[in-house]
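Protein chains: 2
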Amino acid sequence: MLVWEIVALLAGLASIAVAAYIYVWVTKQEVGNPEVARYSSLVQVGAATYLRRLFQVLGILAAILTVILLIAFGWRHALAFIVGAACSAAAAWTGMIISTKANARVAWAARTGLAKALSVGFYSGSVMGLAVVGFALIGMTVLYMVFRDPDVVLGFSFGASTLALLAKAGGGIYTKTADIGADLVGKVELHLVEDDPRNPAVVADNVGDNVGDVAGMGADIFDSYVASVVSVMVLGAVLPAFEKNALYVLFPLVLCAAGIIASLLGMLVVGRSRESDDPGRALNMGTIVTAIIFAVLTVIVVLVLDFGTRTAGVLWPVLAGLAAGIVIGFTSDFFTDIDQKAVQNTAASAPTGPALVILEGFSYGLLSIVPSIIGICVAMVVAWLLAVSFDVPGTYGVAIAAVGMLSITGMIMSSDAYGPIVDNAKGCAEFGKEPEEVIAVCDRLDAAGNTAKAITKGFAIGAAALTVLALFSAYTETVGVSSLDIRQPGVIVGMFLGAMMPPLFSALLMISVTKNAGVMVEEIRRQFREIPGLLEGKADPDSARCVDIAAAGALKELIVPAVLALLTPLAVGVILGPTALGGFLAGSIVTGILFALLMANAGGLWDNAKKYIEDGAHGGKGSPAHEAAVIGDTVGDPFKDTAGPSLNTLITVMSLSATVFAPLIVKFALFGL
Amino acid sequence: MLVWEIVALLAGLASIAVAAYIYVWVTKQEVGNPEVARYSSLVQVGAATYLRRLFQVLGILAAILTVILLIAFGWRHALAFIVGAACSAAAAWTGMIISTKANARVAWAARTGLAKALSVGFYSGSVMGLAVVGFALIGMTVLYMVFRDPDVVLGFSFGASTLALLAKAGGGIYTKTADIGADLVGKVELHLVEDDPRNPAVVADNVGDNVGDVAGMGADIFDSYVASVVSVMVLGAVLPAFEKNALYVLFPLVLCAAGIIASLLGMLVVGRSRESDDPGRALNMGTIVTAIIFAVLTVIVVLVLDFGTRTAGVLWPVLAGLAAGIVIGFTSDFFTDIDQKAVQNTAASAPTGPALVILEGFSYGLLSIVPSIIGICVAMVVAWLLAVSFDVPGTYGVAIAAVGMLSITGMIMSSDAYGPIVDNAKGCAEFGKEPEEVIAVCDRLDAAGNTAKAITKGFAIGAAALTVLALFSAYTETVGVSSLDIRQPGVIVGMFLGAMMPPLFSALLMISVTKNAGVMVEEIRRQFREIPGLLEGKADPDSARCVDIAAAGALKELIVPAVLALLTPLAVGVILGPTALGGFLAGSIVTGILFALLMANAGGLWDNAKKYIEDGAHGGKGSPAHEAAVIGDTVGDPFKDTAGPSLNTLITVMSLSATVFAPLIVKFALFGL
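Protein sequence lines, in the order shown, are assigned to chains A and B. Per my numbering, the first sequence starts with residue 1, numbered consecutively. Per my numbering, the second sequence starts with residue 1, numbered consecutively.
These aren't lab readings, by the way, just hints derived from the structure by calculation. None of these values were measured; they are calculated from a predicted model. There could be a bad hint or two in this list.
A pair holds if it fits inside one copy or across any two, identical chains being indistinguishable in the list.
Keeping only pairs whose Cα atoms sit at most 30 Å apart, straight-line, the calculated DSSO-like set for lysine-lysine is [said to hold, decoys possible]:
no., residue 1, residue 2
1, K667, K341
2, K341, K538
3, K515, K611
4, K621, K611
5, K116, K611
6, K244, K556
7, K433, K341
8, K187, K611
9, K116, K341
10, K621, K187
11, K433, K538
12, K515, K341
Bound conformation, chain A alone (with noise of 0.2 Å):
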């Protein structure tokens, strides 16, 4: 076994190695325009002082979990928890820094043609995916082949997603405060354009788009990684003697090897395009290259591992779970696609004002649902009955079908992180008044890039429904209950305030958005007012001052929530007992992706009918219904951006919570409903 496990930790190390050289030869790369370095290095600046400070307000939860950890389970279990939450903070910093540094060189690269700048841009993103699978898979594989235990291993998970809860939610007020606020006083007021260097909260609008698409959707994504894993190990651990019962614990980590491997094949896919290539179809290339070498592996690895006549019945869940994160990610743009109908209905209705730009792209958000909770479905019903069909239990084929759609996540988050990182290199162009065909490079690799993040999306959804699912099991098997009967009074209260949690932390979110806006607002106002020649662009903005009041907003508001998130599961499970703490993490988990897939869809969908009206339907650019559609696009922005994207980071940490403190809750439990 020792083998496979030295295996998997040089995939880890040669995915960090290969991460640094990349990161080494990005920041070679030249950035050129001055006016564009000096602009960059304030996003620097205030993006690595807003990690620093949420790393603070993680260090003060983490010291307090800790102790708890320490007291409660001994030493192993609250190191894990440390290094879990250390190693996503690097995973998430290290994007972070190499975003920040990316944006200005891929502007600059643009000038020499899309080639070029494809490669700058994706290869940027992939230093965030290879250092996300990196430390990951280090990480836990470390930790297990010290200790021997999925029970501290699942300790690292917790702390990864302590962080990721942090990142998530901070992230996500930070960047739509600034992001609102920049757009309410600088477009509507007084008709400036997006990253309009007058306006005093672009720089922060920019910080934001690093701190929440980049560094949070880091955390996110290493959150849900390590728990796919880890509820396999724990699932694997309780099993029945089968022949080699270890196999079945180690085997995900396994599969991330290979995962890391097909990865590295597939970036070079994309690092090669030509000149001529479209960088949509590049990206998905990589995405569907990555996919088959990676069957290709699971295939040989299982067989040289060797289950006995169970091969197939870990085999075919594997197979499964990464074919439907395929067919989930590229189906489920359907309702958010520029190009179908869903989107082009809710522009048509901009003529006649924002209210039903606002109906119809919430009741398309509400129909969008509907797709992926049935994809999602067909993979659990296919997984489970492959697994049991050869004798494997329905719960661990679930649990490994979830890692199969997740071992591709080192190309996956590579093309996600892509999008910001181009995204903000037009904004870096525009700001640095490069010539027409440098902005159409960008505007070409950034609608690439929002192509790629649906599908992105959709798997991640998809991935984290199955994880969550699989973590639910590891609890029921932790917690050793012998009925979760949803006919008991205390499963279905369990339920209904397990499903209350979702819509109460999307509310905790959104209302700290408007009120920091209203914030930030009254502060743009203020420099306008107060500062002469500001609006002539005779004189700088205070940027600082509008970074400073979106990070400490953000820092403020991310307490509650967080605490929310961390504590309501035990005290569900102390007061009502660990049957109900059962229903309430059932419930949680079905509303939690039910509002994440309304939400993100909802505001993906008002984000590109506000484009389509760009692009010149219903009267194009600066028409009433333009003006209606931007609405739709600012009430989506903390749909999309803030609360939808947090809310798988929310069912993952209730869930890892009530696994990691189920020993203490049956011990203490007051009532038994």
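Position chain B against the provided structure of chain A, taking the given hints into account.
Below, chain B without anything else, positioned relative to chain A:
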């Protein structure tokens, strides 16, 4: 036992007799203003035409379902189904006729002062309240006396629920098609006031108020009332052998009789209020007196019926249900109250434009889920624990608590129907250019109606939640599944699919509204363009054409959602098995209640934020803040009047459909996941 059945029957007959007496009294009141009389008769004709066409659609659907029931279960079930649909239709029809006749009379009575206008308004509403409980109780009692089989009474409930689904969904689409169409052209484009006689959609808008708020709401409450009683009867019939088992089946009918007597006495309190009384306080006082009298009667009834050692086990849950209803009702308007923080904070965002109004209102709508869900959970757990402490099954305790809440429906429904009547009376007074002081009286009546509505809405959602939980138990008892463990893949897949239904159903209804409203907007614009002198008030609009568009659109659009609601549970049951269907129902109940609360409260909040600004805050009427708040209100309209209120009915009808067809589902299930 027979004596108690006769008591129930007599109470039902008394209810109808009093309703008939009041009906005659109301129609004898003077209309006075001839302009108002003409307008009122247009609304009457429009409403009656719509209802007739709705009943035709119902007739077709009912004929199909009757044939299915006839083949599957024999003529008894089929007959009960028809009677249920007919009784529910009769109640809706009565209420709608009286409400369209009453508004002009209330407006005229307002000339003689508040006390007279209040009694005309409230007594008109009570015709509806008494018709609902009367027809329901007579129908159920007679069917039970004749067939002695709760399963046959279940058919009655299914019939009532099918009508409610059509009435609610159709009425909801109708009313908002007309309302949004009238507002978008009238208020936004031409700056006409509400209820301006030149607007061609004004009559349709007022017809909509009657078919949506009165007929639709009546059918909905009829549905909940019957479903709560029937689920107790079904659960009572499968109890283990107690002494006097038949008593547990009969008990809810007797409670309804007590509720009718209490409601009749409570109504006298409201009808006798003096000129100096606050009408809102009078309505609340009526509710409280009714509740107290009902509690006393319940104690007497339970002691006389004599449940032996289990007396406390049936008495306490009933009283707990009643108390929970009152508490949820009186506290649930925090988020929609014009004097509270949520409404005022949302209004405070209005000066920055509509985007933050919508975000803030939506966020508070999400938050508003929390207290109601906690209230429902507490009511359920308390009822369960009180029952099991005295050896009564917990499911029976929860079910009888729902009946305890709903037994005072006569009074609750009267206050609720009062709301749209006085609202329309105000419209009549304005239409008929009555003097200032008359309109002021109508305003005070209307304000009281809004307060009453907030309370009855909380009551209705709380009661519906307990009722569907009782129905869920009835389903599981009928289908006889051994376990509904959420660790089974079938149950979890069922939960996901069920959870998806309320958003899907809401989306279909709201898309219908936006589609029809678009057609309506075109028609109104056409009339202003093509009818010479219309805008100058020299020509009459073609109101009938607008009434027709609203009606035809609503009836066409309700088919798909209605068929979906009736068939999906059967499809899930037959394809995935009865266990998955159990999960399906549980999932639909959880998200159904969640979305119902979200939509009702967010909609009410936006409405009041607009009113708060109209009362003078943030620039008052005509200010940019007001314009932003109007957009929020328009978004909220289909939330609170179309999708939100239909969800109760959706989850009831799905649970009933599953329970009625349970024997077939068990027999023909293809897979048993």
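Status of each hint after checking the structure:
1. K667 <-> K341: Classified as neither: same-chain Cα gap 55 Å, cross-chain 41 Å, threshold 30 Å.
2. K341 <-> K538: This pair counts as neither: shortest intra-copy Cα distance 46 Å, inter-copy 43 Å.
3. K515 <-> K611: Both: 27 Å inside a copy, 22 Å across copies.
4. K621 <-> K611: Answer is within: at 9 Å inside a copy they meet the 30 Å cutoff, but 33 Å across does not.
5. K116 <-> K611: within (27 Å within a copy, 58 Å between copies)
6. K244 <-> K556: Neither: 50 Å inside a copy, 62 Å across copies.
7. K433 <-> K341: neither (36 Å within a copy, 47 Å between copies)
8. K187 <-> K611: both (15 Å within a copy, 29 Å between copies)
9. K116 <-> K341: Answer is neither: 35 Å inside a copy and 55 Å across each miss the 30 Å cutoff.
10. K621 <-> K187: both (12 Å within a copy, 26 Å between copies)
11. K433 <-> K538: within (17 Å within a copy, 60 Å between copies)
12. K515 <-> K341: Classified as between; 14 Å across copies, 35 Å inside a copy.
Violated hints, listed in ascending order, are 1, 2, 6, 7, 9; each of the other numbered hints is respected by the structure.
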